[in-house]
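Residue numbers (our numbering), protein chains in the order written: chain E, 1 to 449; chain H, 1 to 274.
Just so you know, not all the hints are guaranteed correct.
[Stated by the list, open to error] Simulated pairs of lysine-lysine, DSS-like, Cα-Cα distance not exceeding 30 Å:
no., chain 1, residue 1, chain 2, residue 2
1, E, Lys-147, H, Lys-41
2, H, Lys-19, E, Lys-168
3, E, Lys-143, E, Lys-211
4, H, Lys-41, E, Lys-149
5, H, Lys-67, H, Lys-212
6, H, Lys-181, E, Lys-105
7, E, Lys-211, E, Lys-149
8, H, Lys-19, E, Lys-149
9, E, Lys-366, E, Lys-329
10, E, Lys-143, H, Lys-212
11, E, Lys-207, E, Lys-366
12, H, Lys-19, E, Lys-105
13, H, Lys-19, E, Lys-143
14, H, Lys-19, E, Lys-147
[Unchecked claim] Taking beta-carbon pairs under 7 Å as the criterion, some of the chain H residues facing chain E (in silico):
no., residue
15, Arg-23
16, Leu-27
17, Tyr-114
[Claimed, not checked] A few chain H residues that don't get close to chain E, going by computed Cβ distances all over 12 Å:
no., residue
18, Lys-41
19, Phe-65
20, Gln-97
21, Arg-186
22, Val-209
23, Val-250
Keep in mind that the hints were calculated from the coordinates and are not lab data. These figures come from a predicted structure and were not determined experimentally. Cβ atoms here follow ideal geometry from the backbone N, Cα and C, with glycine treated the same way.
Chain residues, written in single-letter form:
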Amino acid sequence: MPETVIRVDALSKCYTIRHERKAHYATLRDTLMESASRLGRRVLAASRRSTSTESDLTCETLWALRDVSFEVRSAERLGIIGRNGAGKSTLLRILSRITEPTTGKISIRGRVASLLEVGTGFHPELTGRENIYLNGAVLGMGKAEIKRKFDEIVAFSEVERFLDTPLKRYSSGMSVRLAFAVAAHLDPEILVVDEVLAVGDVAFQKKCLGKMHDTARSGRTVVFVSHDMGAINTLCERAMLLHAGSIMEMGSTRDVVARYLEGANKLYSPIHGTVEGNDEFRLISVIATQSGKLVQNIDCRQPFTVELDYEIVRPIRNSRLFVMFRNAKGEVIFGTSDFDDPAPQALNRKAGRSLSSFTIPGKLLKAGPLYGTVGMDVRNERVVFAAADVLQVDLFDPESDSQSERHQRGGTIAPLLAWNTTYPGVPASQPLRGCNEIASECTMDATRK
Amino acid sequence: MNPYTLVIEAGHTEREYWKDLWRYRELFFFLAWRDILVRYKQTAIGVAWSVLRPLLTMLVFSVVFGKWAKLPAYGVPYPLLVLSATLPWQLFTNAMQEGSNSLVLNANMITKIYFPRLIAPASTVVVSLVDFMISLVILAFFMVEYRVAPSPRLAALPLFVVLVIAVSLASAFWLSALTVKYRDFRIIVPFILQFGLYVSPVAFSSRIVPDKWRLLYSVNPMVGIIEGFRWAILSRSVQVYWPSVFISIVVIATLLATGIRYFRRTERMFADII
């Protein structure tokens, strides 16, 4: 049974947000006296133990972490995910001893190295060589260790030619590569990383990920915070979901990531009835249906329908209702609008509630999460309304055969097209081997010219 | 497997801290090395500046206070009187100036990595020591020039060097911690130093201060140090007022102890408020 290397007990962290209070004093003398006495009080207050000694009425406390408890075992890779403001970075900062907890305790066994930022300590006046030593020292490597790994670091960073030029002459890509090269050669027992996984161009990013994989697999304990679900899935076996300072879920990476993605989309299903809009347009719900049923997981081989329930508050002319679809990587797959195939009523929208829908053909899109952004704009003028990622569905391929391999290929869509081939010794005009129709308008020419 | 267990708890960082100071000693030297390198890389004059500064001070003060104002030097060449005071004064000024800014300037490191924060202001004192060494060489040169031979009292010099380092550290600790919270000190410090240059006996001998004020005057720790420097370096005709040295030692010890205490107390908030 591997031993526990990090144990967190009832950890809490509170920040005080002070709002500047503007008071008006009758005379300059009063102002000066008040300021002087306040300064005196504050200098003394600063040396007292607690962090919030303000008796100011306009003081708000923000609990970045509330009663967090968990354990990390040796050689485990723990991913920490959560929305912005959930407390992930605060947790890492406390683990790295940069800031103190308000209550609670952490016990750590082993040397910890924290990677909260690449290039900490870099100074533009120093050369690359000098900065490697400086950055290494800042990260906790001893001089002897840096010397030993020096050549490896330089080779990894690919800036050998510029090693003796001042850092201020480097391009941003070069300095970031150098920074990562130093960080990648850290050799601690416990590594704490905050979202700084892959930097630089694609080729270098691959190297970074590769190095991270090696580190993870070589038996080190890794605590990793990221927004990149792909990276979390690959690197970590266990994950923790933080929300508003507390642990919402902790378990296998798969389950926790699913819970996180699911939670991100609870906003616009009709069941929850959240309405978003402005004084011209209100989106009541946007859902996906397949075979007549409301679904979250969609069979990508079958067509599915997107239904929009909305209300026009004020009549708008020449407006376009559109939905843009993107994938998990953030790439736009396509957009569709009712203006593409307009009905005369759409050109002059009247006030009132409406339902629009369109059907996306099967065998076109790639399996994976799909995010839809709904919006309305006036052509060449302005955007009336936009709500990003209000629709989130998951496309899956029910059959894992040779036909589903195309989901792994490059490209944002994976249409299943019919190929017509003439083989030697076979007559030319063979009937089509079955046009798997992508849409009712099959734009592919069915007969060979 | 390393059985070293670290406990992070609110208000309980004391035990590990002093051990960490030793563990992070390499970082301490790296920071000092970085500051020295940066200093000389940035200026066109480079090392020459460390030579020019004490020389120019000596020149100006000797002419203005020695020749024109005709302040007494009590049997010592005026330039040497000034130079022997410039040595500790410049060490103190540099350390106080750079030290008070050390935390704020290294803010990006303080919010991203852990190291015992005492290292930051302490390393600036090391940087000032480098200038100090250069000035010592200049002093030696001028002593030869004026044919003033060092007396056996020179052996006491290290004591005064330790004192000036201590007061530099004390002011660096106090001011760096205060500057994090109140940026006003960035403006206040240069003013205090300018003011201090004329209050402290750099340009003149402290013997011109009337006897009834001497004790009060000695509360300024630099008074005792500067007179001590002069006594150790220069000829037999220089006398030192021992009570002022004693008072200096007491003041410095108090400042250092309270400085470290204040620094440690406020340290836990640095990353949050910097």
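How the hints compare with the structure:
no.	hint	in the structure
1	E/Lys-147 / H/Lys-41	holds, 23 Å
2	H/Lys-19 / E/Lys-168	violated, 36 Å
3	E/Lys-143 / E/Lys-211	holds, 22 Å
4	H/Lys-41 / E/Lys-149	holds, 27 Å
5	H/Lys-67 / H/Lys-212	holds, 27 Å
6	H/Lys-181 / E/Lys-105	holds, 27 Å
7	E/Lys-211 / E/Lys-149	holds, 15 Å
8	H/Lys-19 / E/Lys-149	holds, 27 Å
9	E/Lys-366 / E/Lys-329	holds, 12 Å
10	E/Lys-143 / H/Lys-212	violated, 56 Å
11	E/Lys-207 / E/Lys-366	holds, 27 Å
12	H/Lys-19 / E/Lys-105	holds, 20 Å
13	H/Lys-19 / E/Lys-143	holds, 19 Å
14	H/Lys-19 / E/Lys-147	holds, 25 Å
15	Arg-23	violated, 9 Å
16	Leu-27	holds, 5 Å
17	Tyr-114	holds, 4 Å
18	Lys-41	violated, 5 Å
19	Phe-65	holds, 36 Å
20	Gln-97	holds, 19 Å
21	Arg-186	holds, 15 Å
22	Val-209	holds, 31 Å
23	Val-250	holds, 22 Å
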